[in-house]
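Visitor: Chains as they are written, first to last, in our numbering: chain A, 88 to 296; chain B, 26 to 415; chain C, 45 to 262.
Here's a subset of chain B near chain C, in silico, CB distances under 8 Å, partners left out:
(1) 87
(2) 365
(3) 381
It should be emphasised that the hints constitute simulated quantities derived from the structure, not laboratory data. Note that beta-carbon positions come from the ideal geometry of N, C-alpha and C, so glycine has one too.
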Amino acid sequence: MAVEPDLKIELGKQGVFVTTISEIYNWGRKNSVWPMQFGLACCAIEMIATTMARYDLARFGAEVFRPSPRQADLMIISGTITKKMAPQVVRLYNQMAEPRYVIAMGACAISGGPFKQGYNVLKGIDRYIPVDVHIPGCPPRPEALIHAFMTLQARIDVQPLTGEARPRHLDAEAQGEFPVPEQGAHDLVPPVNRLVWPLPAPKAVETHG
Amino acid sequence: MSPNSILGEFKTYRPPVMDVSEEGDELLEVAMGPHHPSTHGVFRMDVALDGERVVKLKPVFGYLHRNHEKIAEKASYLASMPYTDRLDYFCSLTNNWAYAIAVEKLAGFEVPERAEYIRVITAELTRVQNHASAIGFLLQEMGASGTPLMYAFREREKILDLFEELTGSRMMCNYMRFGGCRVELPAGWLAKVSTIVDGLPRFIDETEALLTSNEILMARSQGVGVLKPDLAVNAGITGPMLRATGVNYDIRKVDHYGIYDRFSFRVPLGDHGDIYDRYMIRVLEMRESVGILKQALRDIPASGPIIDPKSKPRGFRPKPGEAYGRIEAPKGELGFYLISDGTGNPYRYRVRPPSLINLTVLEDMCLGQNVADVVLIFGSVDIVLGEVDR
Amino acid sequence: MKTAAEVLQAIKAALPQAGVELVNNPGPSAQHSLRLAPADALAVAVFLRDDAELALDYCSNATGVDWPDKEISEKVKVTKVVDGPDGTKEEKVVEETVKHLEPGYLEAVYHLFSMKHKHGPVILRMRTVNRADQVQLPSLTPVWRSAEFQEREIFDLFGIVFTGHPDLRRILMWDEFEDHPMRRDYVDPDDYEYEPTPHDEVLKRAQEHEKAQAGVTA
Numbered sequence: 088m089a090v091e092p093d094l095k096i097e098l099g100k101q102g103v104f105v106t107t108i109s110e111i112y113n114w115g116r117k118n119s120v121w122p123m124q125f126g127l128a129c130c131a132i133e134m135i136a137t138t139m140a141r142y143d144l145a146r147f148g149a150e151v152f153r154p155s156p157r158q159a160d161l162m163i164i165s166g167t168i169t170k171k172m173a174p175q176v177v178r179l180y181n182q183m184a185e186p187r188y189v190i191a192m193g194a195c196a197i198s199g200g201p202f203k204q205g206y207n208v209l210k211g212i213d214r215y216i217p218v219d220v221h222i223p224g225c226p227p228r229p230e231a232l233i234h235a236f237m238t239l240q241a242r243i244d245v246q247p248l249t250g251e252a253r254p255r256h257l258d259a260e261a262q263g264e265f266p267v268p269e270q271g272a273h274d275l276v277p278p279v280n281r282l283v284w285p286l287p288a289p290k291a292v293e294t295h296g
Numbered sequence: 026m027s028p029n030s031i032l033g034e035f036k037t038y039r040p041p042v043m044d045v046s047e048e049g050d051e052l053l054e055v056a057m058g059p060h061h062p063s064t065h066g067v068f069r070m071d072v073a074l075d076g077e078r079v080v081k082l083k084p085v086f087g088y089l090h091r092n093h094e095k096i097a098e099k100a101s102y103l104a105s106m107p108y109t110d111r112l113d114y115f116c117s118l119t120n121n122w123a124y125a126i127a128v129e130k131l132a133g134f135e136v137p138e139r140a141e142y143i144r145v146i147t148a149e150l151t152r153v154q155n156h157a158s159a160i161g162f163l164l165q166e167m168g169a170s171g172t173p174l175m176y177a178f179r180e181r182e183k184i185l186d187l188f189e190e191l192t193g194s195r196m197m198c199n200y201m202r203f204g205g206c207r208v209e210l211p212a213g214w215l216a217k218v219s220t221i222v223d224g225l226p227r228f229i230d231e232t233e234a235l236l237t238s239n240e241i242l243m244a245r246s247q248g249v250g251v252l253k254p255d256l257a258v259n260a261g262i263t264g265p266m267l268r269a270t271g272v273n274y275d276i277r278k279v280d281h282y283g284i285y286d287r288f289s290f291r292v293p294l295g296d297h298g299d300i301y302d303r304y305m306i307r308v309l310e311m312r313e314s315v316g317i318l319k320q321a322l323r324d325i326p327a328s329g330p331i332i333d334p335k336s337k338p339r340g341f342r343p344k345p346g347e348a349y350g351r352i353e354a355p356k357g358e359l360g361f362y363l364i365s366d367g368t369g370n371p372y373r374y375r376v377r378p379p380s381l382i383n384l385t386v387l388e389d390m391c392l393g394q395n396v397a398d399v400v401l402i403f404g405s406v407d408i409v410l411g412e413v414d415r
Numbered sequence: 045m046k047t048a049a050e051v052l053q054a055i056k057a058a059l060p061q062a063g064v065e066l067v068n069n070p071g072p073s074a075q076h077s078l079r080l081a082p083a084d085a086l087a088v089a090v091f092l093r094d095d096a097e098l099a100l101d102y103c104s105n106a107t108g109v110d111w112p113d114k115e116i117s118e119k120v121k122v123t124k125v126v127d128g129p130d131g132t133k134e135e136k137v138v139e140e141t142v143k144h145l146e147p148g149y150l151e152a153v154y155h156l157f158s159m160k161h162k163h164g165p166v167i168l169r170m171r172t173v174n175r176a177d178q179v180q181l182p183s184l185t186p187v188w189r190s191a192e193f194q195e196r197e198i199f200d201l202f203g204i205v206f207t208g209h210p211d212l213r214r215i216l217m218w219d220e221f222e223d224h225p226m227r228r229d230y231v232d233p234d235d236y237e238y239e240p241t242p243h244d245e246v247l248k249r250a251q252e253h254e255k256a257q258a259g260v261t262a
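The shape of chain A in the complex, shown without the other chains (with noise of 0.2 Å):
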């Protein structure tokens, strides 16, 4: 619930500042996203542009990029996950503390991209960990990630402090270790993560009477 600006503005005149605990909060946590130093393939060549002079990835709060994934806070996941590489991917993403978040950035990160019919390629990491913002392209401008970083600082503007829809780190439940697939004879197994990638629901069968 946040104050009204009339109300904000008049009290501002006289020299005081209005606010909610959960505005003021959230301004904090999303202007100083840190995220992992974790580049797989191309898209993270267009990371590194994003970060260098010209599309300046720092003023936006992403300052440094950590390498250890305790530090960070979100990964941006850049290039192909292979099969061989998949339970790195959710090692790393079980060890960052919460609030942590994930970008999927470019085609193969989101579906496997342009080498999705393979025997090595995971058809997209959201079959094992929880995604939050999917950024199509092959590779995506330096422009979309910054979209997307902005796009990810406007959806934890938006979270209320408590009730359903609170942020994982403050609350109890919500499930920490995501589990890792082990490398099997042809296969991960499991080949995916029912929970966090499901099955569509049965398409109702119509019947003629």
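Mind docking chains B and C on chain A? Use the hints.
Guide: For chains B and C alone, kept in the frame of chain A given last:
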């Protein structure tokens, strides 16, 4: 008959990766990667350390194996062209050219003159931005926290603007076709290239003034990671890493592909084969590329066909046969081996990746060095995981 | 620049017992290759590397190719004895289709160049006996170190076992993987896709998934 029964003893016997039982002291086994700030992508090195010294090193990759070759068997020849962009994702235009050369050998196409000049211009621009980025990443691993990389990317962005205007995409250009190029140059593009090429010597001078006689760079890279010439030749090393050991083998001069015979350029060679030599070779090659660019911009014919009239993009069915085509990519020799069985899809499509072969001697270069130097030696090989794993 | 025929002559002159033959390449590239018998491969390789004139000291590319079993049907004219119209036996020439199975094999192809004399390529081929159980070939890694990782890759993806390789294990796939994926008869594991590409085997699988799902509700 399942494959498992063939292997028999190979299935149950796995040679120990780190057979360190003979060593007297306790050795520390560290897995550097696949998630590591300095491994240029998803690459893992299993190192066994005696204190800080490296006793054994085994590289492990395959974390980005995207079965490019299997996809190419099901796709047509032209459909594989965008996939070649994603091999060495820094240098998509040279990847395209190598594939186009292999198919042109397979089918017997001839490339018109203006297209050859365009190919040389784009390839040398790619070489400049690749070497600049490689130097930037190498310095970042040395501890220079991103500043040389920022300067390199500043130039790279200018070159990527040119590519975007020409091909429509910054990185994945998909520009070469069998027998020529895809599309004619936009108006005013050559003038823009000329402006940027005139500004490149100033950038290279700036880089050299900051880095070449920098005492930290010299102390950390001279005498480190030495590679001997006969081992380099036997292990199939190519590119700046080979020329740093002193072997004079540049495919532009050996194979005379394209129209490189018309340009006069030198091939820089190193004396010691250490990291400093590889850094200097890359700087000198950037200067030679600027020279080639100036000559190409001066001599390019004002108009002409862009593609061989015999080549049809759709319904391309080369005669049965095979061909191996290669070029001097910025990282080494990039080759494509194609077997055609007369249909529209290749029967066998093989990429000969320079980065994978250059890693053969990683263990030899790192033995006895400190673990901090392993990071530098690995950075000086200049690999790209998209190429190693395909 | 030496042609493949000249290289063949040089090998025959030095090693007369070696089993080497010329394999013609029909396309415009005219890159002919030499097929080596596996038993003599190492000796020929050492000769090619150390000979003063050839000096093929650089092995650029080592790759595997899978040639599966081919069923060949030919029309053959056969003389048969058939019953004539009025009860007598007469001979007639009839065309019959005869099928026979040509056994498949796995192949390893090497491209060699010379850094000293700057010529090449010289292409070597070696074939295994069959695709099932006799898949050994001698490793050329002791001769050219650049074949080390590439032969591991051929072992991983095709299944050719290289005897004499210093460290033969999987390189691109994980160690517990059990198939050889680049073979022509490899089948991907089944997978449900929300948006399958609408052609070939993917479409067939998606249709089967839909049938299975509809079967659940019915």
